[in-house]
Amino acid sequence: QKEVEQNSGPLSVPEGAIASLNCTYSDRGSQSFFWYRQYSGKSPELIMFIYSNGDKEDGRFTAQLNKASQYVSLLIRDSQPSDSATYLCAVDTGNMLTFGGGTRLMVKP
Amino acid sequence: EAQVTQNPRYLITVTGKKLTVTCSQNMNHEYMSWYRQDPGLGLRQIYYSMNVEVTDKGDVPEGYKVSRKEKRNFPLILESPSPNQTSLYFCASSYDGRGNTIYFGEGSWLTVV
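Heads up: the sequence lines are chains S and G, in that order.
Taking my numbering, the leading residue of the first sequence gets 1, the next gets one more, and so forth.
Taking my numbering, the leading residue of the second sequence gets 1001, the next gets one more, and so forth.
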């Protein structure tokens, strides 16, 4: 079974700090990686996707991919209380997506 | 407006009473999928469909059935619900199955007592 692993948290950071969220995956053949944000009781919303090794930046968000280490991360700069949510890592496994268990992020004012 | 619509949104039912959760999308998407979400376990795929009359099992298909008779609809059927199927369920659709084209429904909270 293809697996995607995340630390469940909660990860607590002060407002304005950098939040670092990590994800590992088991299938070496995976090509596409996604980060979703999910507020409690709501559906997930896509915030970043990355296909190539290295960094991809979009506003305050940076996704990092290392296929050799089978590792994906998400950095959130200048964290805001509104960033408090669960962040889901997902991997394209050919049958839509396989998700990790999510990391709960708490940004404290 | 592009959307995935699930019904019911909230349901409390009893063990063994058959129920169906409907899912409909208005985007002419080929791919549809059902996920369940339990605390700490993320979204786990139940079934997916890549086209009409084509369905396949996901990671946790036991106790569920699906059908895809029309492109827009993908109902989830619990023939004999049990308390371990108490969960939050999401339907999703995508035109190519990729994570950056996926649309989620608003979720259906099911409680089996």
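Hint data in this document are derived by calculation from the structure and do not stem from the laboratory.
Where a beta carbon is used, it is the ideal one built from N, C-alpha and C, also for glycine.
A portion of the hints provided could be inaccurate.
Stated by the list, open to error - Capping the alpha-carbon separation at 25 Å, the derived lysine-lysine pairs in BS3-like fashion look like this:
hint: 1; chain 1: G; residue 1: K1069; chain 2: G; residue 2: K1018
hint: 2; chain 1: G; residue 1: K1069; chain 2: G; residue 2: K1057
hint: 3; chain 1: G; residue 1: K1017; chain 2: S; residue 2: K2
hint: 4; chain 1: S; residue 1: K2; chain 2: G; residue 2: K1057
hint: 5; chain 1: G; residue 1: K1071; chain 2: G; residue 2: K1018
hint: 6; chain 1: G; residue 1: K1057; chain 2: G; residue 2: K1071
Claimed, not checked - Some chain G residues judged to face chain S by a derived CB distance under 10 Å, without partners named:
hint: 7; residue: P1008
hint: 8; residue: Y1031
hint: 9; residue: M1032
hint: 10; residue: D1059
hint: 11; residue: Y1064
Status of the hints after comparison with the structure:
1. Between the alpha carbons of K1069(G) and K1018(G) the distance comes to roughly 20 Å, so the proposed pair stays at or under 25 Å and holds.
2. A distance of roughly 17 Å separates the Cα atoms of K1069(G) and K1057(G); the hinted pair therefore holds under the 25 Å criterion.
3. Taken as a hint, the K1017(G) and K2(S) pair is broken in the structure, with Cα atoms around 33 Å apart against an allowance of 25 Å.
4. Proposed proximity of K2(S) and K1057(G) is supported: the alpha carbons are some 14 Å apart, at most 25 Å.
5. Only pairs whose Cα atoms come within 25 Å are accepted, and K1071(G) paired with K1018(G) is accepted, the gap being roughly 24 Å.
6. With a C-alpha separation of about 18 Å, the suggested pair K1057(G) and K1071(G) falls inside the 25 Å cut-off, and the hint holds.
7. Residue-level restraint check for P1008(G) is violated (minimum Cβ-Cβ distance to chain S is 15 Å; threshold 10 Å).
8. Hint on Y1031(G) holds. Least Cβ distance to chain S is approximately 6 Å, under the 10 Å limit.
9. For M1032(G), the shortest C-beta to C-beta distance to chain S is roughly 9 Å, which falls under 10 Å, so the interface hint holds.
10. Contact between D1059(G) and chain S, as hinted, is supported at the beta carbon level, the nearest pair being about 7 Å apart and thus within 10 Å.
11. Among the interface hints, the one on Y1064(G) is violated; its C-beta lies about 15 Å from the nearest C-beta in chain S, farther than the 10 Å criterion.
Checked against the numbered hints given earlier, this structure breaks hints 3, 7 and 11; the rest are met.
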